[in-house]
Amino acid sequence: MDDRPRQPFNPLLACLAALAALFFFFPLLGLVTGAPWGRMVSVITSKSSLDALQISLIASLSSTALALLFGFPLAWMLARGQFRGKGLLRGLTTLPMVLPPVVGGIALLLAYGRRGIVGEPLHKATGLSLPFTLAGVIVAESFVAMPFFVITAESGLRSMNRRLEDAARSLGASRWTVFRRVTLPLIWPALVAGIVLTWARALGEFGATITFAGNLPGVTQTMPLAIYISQSSNKMDEAIALSLILVLVSLVVMIFRRERSGSD
Amino acid sequence: MDDRPRQPFNPLLACLAALAALFFFFPLLGLVTGAPWGRMVSVITSKSSLDALQISLIASLSSTALALLFGFPLAWMLARGQFRGKGLLRGLTTLPMVLPPVVGGIALLLAYGRRGIVGEPLHKATGLSLPFTLAGVIVAESFVAMPFFVITAESGLRSMNRRLEDAARSLGASRWTVFRRVTLPLIWPALVAGIVLTWARALGEFGATITFAGNLPGVTQTMPLAIYISQSSNKMDEAIALSLILVLVSLVVMIFRRERSGSD
Amino acid sequence: MLEADIQLRLGKFSLDAAFSAASGEVVALLGPNGSGKSTILRALTGLLPLAGGRVVLDGTVLDDPAQRTRVAPEKRPIALMFQDYLLFPHLSVLENVAFGLRARGTDKKAARQKAAEALAQVGLEDQGAKKPGSMSGGQQQRVAMARALVTDPRLLLLDEPLAALDVSTKTDVRRLLRATLRQSHAANILVTHDLLDAVALGDRMIVIENGGIVQTGTPAEVTARPRSRYVADLTGVNLLRGTARGTAVDLDGGGQLTSADPVTGPVFAVIAPAEVAVHRQRPDGTAGNLWRGTVSEVDLMGDRVRVRVDGTPTITAEVPPSAVDDLKLDDGGELWASVSPAAITVYPP
Amino acid sequence: MLEADIQLRLGKFSLDAAFSAASGEVVALLGPNGSGKSTILRALTGLLPLAGGRVVLDGTVLDDPAQRTRVAPEKRPIALMFQDYLLFPHLSVLENVAFGLRARGTDKKAARQKAAEALAQVGLEDQGAKKPGSMSGGQQQRVAMARALVTDPRLLLLDEPLAALDVSTKTDVRRLLRATLRQSHAANILVTHDLLDAVALGDRMIVIENGGIVQTGTPAEVTARPRSRYVADLTGVNLLRGTARGTAVDLDGGGQLTSADPVTGPVFAVIAPAEVAVHRQRPDGTAGNLWRGTVSEVDLMGDRVRVRVDGTPTITAEVPPSAVDDLKLDDGGELWASVSPAAITVYPP
Amino acid sequence: SSSSPAASGSTSPGGASASAKPSGTLVVFAAASLNAAFDKIGAQFEKANPGVTVKFNYAGSSSLVTSIKQGAPADVFASANTQNMTAVTDESLASGTPQVFARNQAEIMVEKGNPKNIKSVKDLANPAIKVVLCAPAVPCGSLAKQVFEKAGVTVKPVSEETSVSGVVTKVSLGEADAGLVYVTDVKAGGDKIEGVPIPADQNVIADYPIVQLKDAPNAAAAAAFISYVLSPPAQEVLASYGFLPPGS
Ligand SMILES: Nc1ncnc2c1ncn2[C@@H]1O[C@H](COP(=O)(O)OP(=O)(O)OP(=O)(O)O)[C@@H](O)[C@H]1O
Ligand SMILES: Nc1ncnc2c1ncn2[C@@H]1O[C@H](COP(=O)(O)OP(=O)(O)OP(=O)(O)O)[C@@H](O)[C@H]1O
Ligand SMILES: [Mg+2]
Ligand SMILES: [Mg+2]
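Chains as they are written, first to last, in our numbering: chain A, 1 to 264; chain B, 265 to 528; chain C, 529 to 877; chain D, 878 to 1226; chain E, 1227 to 1474.
None of these hints come from the bench; they were simulated from the model. Note that the coordinates shown come from a computational prediction; the quantities given were computed from them, not determined experimentally.
Which chain A residues stay away from chain C? Per the calculated CB distances, all over 12 Å, these:
1. LEU29
2. SER46
3. ASP51
4. GLU120
5. LEU122
Cross-link-like lysine to aspartate or glutamate pairs, in silico, EDC-like; alpha carbons within 20 Å at most:
6. E:LYS1266 x E:GLU1462
7. E:LYS1281 x A:ASP51
8. D:LYS1008 x C:ASP612
For each residue, glycine too, the CB sits at the ideal point set by N, CA and C.
Build the full structure now, drawing on both the sequences and the hints.
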């Protein structure tokens, strides 16, 4: 539907973009060449790898889902709510991004660990405790990744034309319908971006996870942890091989995503 | 200018948002209570801390600047360019997000290290090499953080009303003027979000930095590295104290940011 | 039946207008740009909060700040056709029109069915699949109208619904509106700048100027006795203010006129341009009003020409195109204007 | 001096129109909704790529697909006032108007100065600080006009510039336009749906229907001899097609008419509604054309009433309001229409 | 599941007692550098004690300490140095005294073929040589520190890595010319690197202590595992990875 005349190719812009692309390309190339292609299959299909991959996917997807469920309302409040201390709340939201993941993990332990502010009473009451459980991994990843969704969604909500929501309401659309049929489609690009960022960040999360949820193979060991282990036992090529799986997974998703939101 | 009737407070939404906020609040509380307030000042004002803070700020700001300089053209191409392999390029852009930072560091070494694909010829030609230098830190942080800017900026460009650019051009505005006076203001919220995400990510970056640039106090030791060190010498309270500096810095920025883009 | 008393402020602009519209009645709302027409419609729909007054539709209170009652826009049986359409850019034209029905619970199939009919009514049967962004202005306006009409509300608000339509379509759509508005037992408010629309469609006219109602009545009443420059311009007559002593009227702007029927006190005096004669030489032996002025404007209005003569009073005359050459009006210069007392309608404000 | 030959496709819509506009000339571009008026303007501005043809302004080729020449929009000395304004929401009204000047290198102070003047010209002197979003429709439209006028371009394109203005303002702005367009030595194209504007402002009229030019000429020529239903509707006359044998005209739609002056071959026949008389009983001893039909529409047009009589041919008559009651037109039913041969203008297509 | 005092009492060092058969899941927190060896030992232990499943949680010794302090449900803690072990015992989180189950010593790690021709610790002081070490805060770092003190040289590293693997990575990728790490790391370091032994008089021995934790959910298995690690079969495995036996 874009009937604009094709913009004349802007060399400066293209150059900078190309440089940026190359900047990302060479490291990938490095990984690909550095990978032990001979043992690739065996490395990837080893039980521990597959376990780790499975846990990674489950955890990253669940935490993305949580980020949506809780993060969107938060973004909504930040974009539309009228209350004092909004700046502070926004600041709070972005903290997990600036905390070095390991410290994030420590903070989580202090809050939700067995001896934590919330964790201790919880444990006493229910006997439940998050660390060293899959739930713990999800919590850690949500903590680190959710802010990316909140910030992006908020920016989307800010820049949309709210009069279209008025029009929808004047046509008798309930808040929910307005949201579903008007707001959502209009902020879709921002949401997609947010989901991608969140998911990717969760998938690559290491420090907070190992600190808060530990590194139990088959239970809390995600890909990044598995990679860390093979790397710290000086099996760098294995680490690379495993990383390439992550790369592959995300590549697939990215390209699929295009199809999807290319349509709007 | 928003003369809409105040939306009736939506309890469900508010609850979810509140939960999200608390989820972020308790870990922070944990850090605050866990911090050695007595020794706070001495810890923070110790030379090594101040060095680390300085390096962190310099590096995170420079890499954010780089992300803008190179990331924006890339986002532009992804949003507006017409060429094949766009999905692939976008995938490439998001890789650094899914790579566990340490592997990202290895990838950087393989590409830009002394023996790297690009690094070796560079080193041979100029004798320069990035690892163990501040430049290396900046490269590492850019690599990890830039994608966040690219993705967010792209979503902003996608969702803006391009006919306003047409109007500007019909009034004789050069591409650059159109960009400065129309495009930029219209995608501002998205850009701010992108910058915040990028900067925050860079500020908290650990794995890639240690792996690619190493950790030398006063040269390449950023806050997160300093924090890790004090933590691994079981001085957790020191680690927390240092983290709180980061938290403070980012809080200040966040709240300042509000003032800024609250105005549009 | 709508009873509205709307009081609110928007920035520097403040609005205070009380009026009512019976079921099945069409109220034409006219007024200069920025007088508050669209604001009234937004307020009625509940998209703007009232500062004071109340809105009652068919006995149910929709808005009453004093009582803290306010029905949410989506709960009001009202349809508003926005001045700038506000079509949903991401939905097809058909989906746009079906939106209101779907929102109010009609099932998809039936909704699309009715939407298609509505589109056909406004002459866009074959365009349902398009996105609004790829339609012409006039086509978009008709989509907006269909979207509002199809919901058949209890209160229908149309904001300049015909402004972008070409003549042929305008006549058809006007006819369509006449039919539907009559049939519907809804109260209808039609904002327009075109007296023709007001007369053709409106049972009653409300004229609003910067936030307040200045005149109401049937189109005939209002146009017969304009009470503001704006209304006079609507009908294109000369409106003068003055004080009458018998048949003599001292004009506020200076100058004096003699009218046929005697009145006393402050008055409006209306003179149709066609009744004003202009001459280059002082006509001798003309009874009644005669005064001197200079040509300031010559406007070609279709098959007539309007000449503005600056003097005391300044007045506009309507002459046949031939006169332009005969009297060399384009050269400007001095001119005599004459009006017979019988041609002057005088009435108290 | 503009010479344009515009050929392009937009989705299913294809446009092919060649025309020119001399410097200082005002070309009124009329046509039904969706006929391609705005598309032409977008193409001239360079916002739409041409598939064929060329655009030459003052001797410089702006667009010529065959030669691969195309001057970028910002390099063209053209100003376009968009039908939907497209004001910059983030800039103040004053900045909006100053935008074109700043973009073309006027320094800030001078630009704001000129912008303020332009705003004053359209009667918005005190509104410069507002954001467009907080203005009324008509106010926005005037800002858009000021924004276009202030850049004084070599080619000025106005897309329905008066559609949202109230009568008073419309007269003033029309006058303003007349003055400025005359003075400027630019070529001007004015898109409008209002014959009054076309006649008052246009030196020449171009009528376009679904993508092609159907009629051009001075307003007088065009309105005198309409060549399509649309043009006939513009002037509000009856347009019939047929084949003449002497004074007898066999109408394509069936029926026959007798005209005064003899012609042969295919013809258009035009009858002004005012010339059509209607009777309830068959009038005896009427010379000329008389036939029977049934009332299908009765439209109140200001101080006149238009009656559509379905028959062979179907025709619209204009009668005084009194007639509505006298002839009980609202009851519909059978009616006799009569037209004197002298009242029928016949000309070849 | 909590342990019965009887069970823990009856386990004596030197071998799994027949009296209380260990069972259930055993969680071992071990320094990441023990990963390879302990995986093997774990498997053997499981074979030797059917009904027991061993779960290892590998991480940097200090992060392990952190989680233990935060009440992690661990049974055994195997540290890569005494320092981190003390951090645990000081908080009296351990039951019984830690026992050294292996020892390790320093070695210089260089690129394959030793291009810079590094012969001794002294050579590392040469500013022309890019040396990477572990930060003094981490086990391998304190080791390096002691070595240099003994050798009486001061070395200016280009980087103080936060883990051994950091050093290995940099040396094996040719980023640095030399590093100082554990013998075991050189052994496991792959084909891109080789070691330059350090004479005993300059070398330092590092102890690897292991201990059962006070809140061990599965004390029986914990005790059993510790004694198994000290037993010959496990010691062989450790030796095969280059570790020195405890009591040499
Ligand atoms: N959001 C706003 N903030 C401040 N003032 C506003 C806002 N919206 C409208 N106004 C002012 O309120 C007045 C009434 O606006 P409104 O749109 O109702 O006029 P209108 O009668 O519809 O005019 P038009 O015939 O041009 O559509 C205008 O003077 C306008 O400048
Ligand atoms: N982007 C587009 N894609 C496809 N078709 C389009 C697009 N834009 C316009 N059209 C079609 O082109 C035709 C001409 O549109 P245009 O806006 O030029 O009409 P117009 O003469 O300006 O009508 P109006 O008087 O209503 O403004 C219309 O039929 C419209 O549906
Ligand atoms: Mg309005
Ligand atoms: Mg148009």
